[in-house]
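Q: Using the hints, position chain B against chain A.
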Amino acid sequence: MQRYSIFSLIKNAFSNHQNWDVVWRDPEPKKEYDVVIVGGGGHGLATAYYLAKEHNITNVAILEKGWIGGGNVGRNTTILRSNYMWDPNGLFYEYGMKLWENLSQELNYNVMYSPRGIINLAHSDAQLNAYSRRGNSMRLNGIDAVMLGREELKKMIPFADFSTSARFPIFGGLMQPRGGTARHDAVAWGYARQADSMGVDIIQHCEVTGFDVRNGKIEGVQTSRGNIKTKKIGLCVAGSTSLLAEKLNMKLPIESHVLQACVSEPVKPFLNHVVTFGAGHFYCSQSDKGEMVMGGDLDGYNSYAQRGNLPTLQHVLSEGVAMFPNLSRLKILRTWGGIMDMSMDGSPVIDKTHIEGLYLNFGWCYGGFKATPVSGWTFAYTIAQNQTHELNSKYKLNRFNTGYLIDEKGVGTKTWIG
Amino acid sequence: MLEIKCPYCGKRSQNEFSYGGDASVKRPQLGKETSDKEWNDFVYFRNNPRGKHSELWHHVAGCRQWFKVLRNTATHEIFKTSKISEEL
Numbered sequence: 001m002q003r004y005s006i007f008s009l010i011k012n013a014f015s016n017h018q019n020w021d022v023v024w025r026d027p028e029p030k031k032e033y034d035v036v037i038v039g040g041g042g043h044g045l046a047t048a049y050y051l052a053k054e055h056n057i058t059n060v061a062i063l064e065k066g067w068i069g070g071g072n073v074g075r076n077t078t079i080l081r082s083n084y085m086w087d088p089n090g091l092f093y094e095y096g097m098k099l100w101e102n103l104s105q106e107l108n109y110n111v112m113y114s115p116r117g118i119i120n121l122a123h124s125d126a127q128l129n130a131y132s133r134r135g136n137s138m139r140l141n142g143i144d145a146v147m148l149g150r151e152e153l154k155k156m157i158p159f160a161d162f163s164t165s166a167r168f169p170i171f172g173g174l175m176q177p178r179g180g181t182a183r184h185d186a187v188a189w190g191y192a193r194q195a196d197s198m199g200v201d202i203i204q205h206c207e208v209t210g211f212d213v214r215n216g217k218i219e220g221v222q223t224s225r226g227n228i229k230t231k232k233i234g235l236c237v238a239g240s241t242s243l244l245a246e247k248l249n250m251k252l253p254i255e256s257h258v259l260q261a262c263v264s265e266p267v268k269p270f271l272n273h274v275v276t277f278g279a280g281h282f283y284c285s286q287s288d289k290g291e292m293v294m295g296g297d298l299d300g301y302n303s304y305a306q307r308g309n310l311p312t313l314q315h316v317l318s319e320g321v322a323m324f325p326n327l328s329r330l331k332i333l334r335t336w337g338g339i340m341d342m343s344m345d346g347s348p349v350i351d352k353t354h355i356e357g358l359y360l361n362f363g364w365c366y367g368g369f370k371a372t373p374v375s376g377w378t379f380a381y382t383i384a385q386n387q388t389h390e391l392n393s394k395y396k397l398n399r400f401n402t403g404y405l406i407d408e409k410g411v412g413t414k415t416w417i418g
Numbered sequence: 001m002l003e004i005k006c007p008y009c010g011k012r013s014q015n016e017f018s019y020g021g022d023a024s025v026k027r028p029q030l031g032k033e034t035s036d037k038e039w040n041d042f043v044y045f046r047n048n049p050r051g052k053h054s055e056l057w058h059h060v061a062g063c064r065q066w067f068k069v070l071r072n073t074a075t076h077e078i079f080k081t082s083k084i085s086e087e088l
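As given, the protein sequences belong to chains A and B, one line each in that order.
Just so we're aligned, residue 1 is where the first sequence starts under my numbering, counting upward by one.
Just so we're aligned, residue 1 is where the second sequence starts under my numbering, counting upward by one.
Only chain A is shown next, with the shape it has when bound in the complex (with noise of 0.2 Å):
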């Protein structure tokens, strides 16, 4: 493989960029792999890459349907953070973050990782309270995190609305300097080139239409592009997951919800930060580009279009405005959707299942993005060495049945509303 650097790039230059390397292969399916994973989105590229790298697995192919990185790794608003309360949260997502923070070492690849900080601003003297108690929750577990009052966010984001009259007051906010944005094709693209350069199959444009299962093993997939023998098969596919789950006789705690962002019309540097509305649901952050990145609310009904309606954008927009009313003044320059698979206690599934050979990886709701690297890397583990891991022995599949959830919203089993 050759290696990106400065001095390629010059050398490359002087052939006006034609003779670059390709930058993964497109190999036919071959009859047989060791591991099939289904899903080239983040985690099924991320999750191939950790099995050749840390596991000397490499004789593994990733299924997609369609293309890589065309779904949810191509879909997202970009955050990464671990900023969560619960431990199993806190713990996985920070071990993510440590990921992230080398990542574009790691693949030789720079996947933009800009630690600009996540600020998620309170609207009420409870919800500041709610908010230190999960920021120091977060540094009894090792992750940064700072309250911010009114005035030191005064400096920091200018533009929100500090004035007596807003609707909903800022009275202050809870920061994690670490948290921020990486480029999402870059991701997706960047695990693709190292996954393929140690020998793993990527194979675009296959359709997985059935598995073989006898006496309770996994024994091959079935796809559009023939049959594929192999023992251990992991789904990295999402909103998608129901589906092939049901093939398998499968019933999953997951409700598949489409979630729609955009972004508006390029502007010159306003907001050096990740900020999120603490009165309603919205985030957003401003592109490299210029671009206001944004996002919120599900649309808010089962989904599986990868487009989202009217309604909810508007209102999403509105509690923007409500936050930054310079944002009125902006067009949107483009809209889309991805599909969620909504878990019931918001929190994410990777474990081994049932049928001997069958892994899951499922129920990452809005968050999958952050997620990318650890659930790759954890997700690896637990189908290489046929048991979860620390980090992810928390996210079991039955956790539904004993009732060891992990509600970090505490919304309850809507998951329209969560």
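Do not take every clue at face value.
Unchecked claim - For the chain A half of the interface with chain B, some residues (derived, Cβ under 10 Å), not all of them:
id, residue
1, Ser240
2, Glu246
3, Leu248
4, Leu252
5, Pro253
6, Glu255
7, Ser303
8, Asn309
9, Leu310
10, Pro311
11, Asp345
12, Thr415
Hints listed in this document are in silico derivations from the structure and should not be mistaken for laboratory results.
Just so you know, even glycine gets a beta-carbon here, dropped at the ideal spot from N, CA and C.
A: Chain B alone, transformed into the frame defined by chain A:
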């Protein structure tokens, strides 16, 4: 925007409604011995099809009645709506 036909008020815009989820979920019968699995299924497990889905909606900014809707989750086409007591 969805246009939903409330069985009591007729066609109204989506803005007047809120969603209530899978309509096939049934609470275990009162006074009857109920296994953990039945409770578990009731609380956490839902139908999640791509295609026809029977679901509950609430005409919250209208007559405030709950009712059932048969909707396609991929195209959002609404085939039929009915009162709670009626079969979809």
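Q: How about A/Glu255: closest beta carbon in chain B under 10 Å, or not?
A: holds (5 Å)
Q: Does A/Pro311 pass the interface check with chain B, least Cβ-Cβ distance below 10 Å?
A: holds (5 Å)
Q: Hint A/Thr415 vs chain B: min CB-CB distance below 10 Å?
A: OK, holds: A/Thr415 within 10 Å of chain B, min 8 Å.
Q: Is the interface hint for A/Asn309 satisfied, with its Cβ closer than 10 Å to some Cβ of chain B?
A: Check passed: Cβ of A/Asn309 comes within 6 Å of chain B, closer than 10 Å.
Q: Any CB of chain B closer than 10 Å to the CB of A/Glu246?
A: holds (8 Å)
Q: Minimum Cβ distance from A/Leu252 to chain B below 10 Å?
A: Holds, because the Cβ-Cβ distance from A/Leu252 to chain B comes to roughly 7 Å (cut-off 10 Å).
Q: Under the criterion of a CB-CB separation shorter than 10 Å, is A/Ser303 in contact with chain B as hinted?
A: Result: holds, 6 Å to nearest chain B Cβ.
Q: With a cut-off of 10 Å, does the beta carbon of A/Leu310 approach a beta carbon of chain B closely enough for the hint to hold?
A: holds (6 Å)
Q: Can we keep the A/Ser240 interface hint, with Cβ of chain B closer than 10 Å?
A: holds (8 Å)
Q: Would the hint on A/Pro253 stand, with a C-beta cut-off of 10 Å toward chain B?
A: holds (4 Å)
Q: Does A/Leu248 meet its interface restraint, that is, does its C-beta lie within less than 10 Å of any C-beta in chain B?
A: violated (14 Å)
Q: Hint check: is the beta carbon of A/Asp345 less than 10 Å from a beta carbon of chain B?
A: holds (8 Å)
Of the numbered hints stated above, the single one contradicted by the structure is hint 3.
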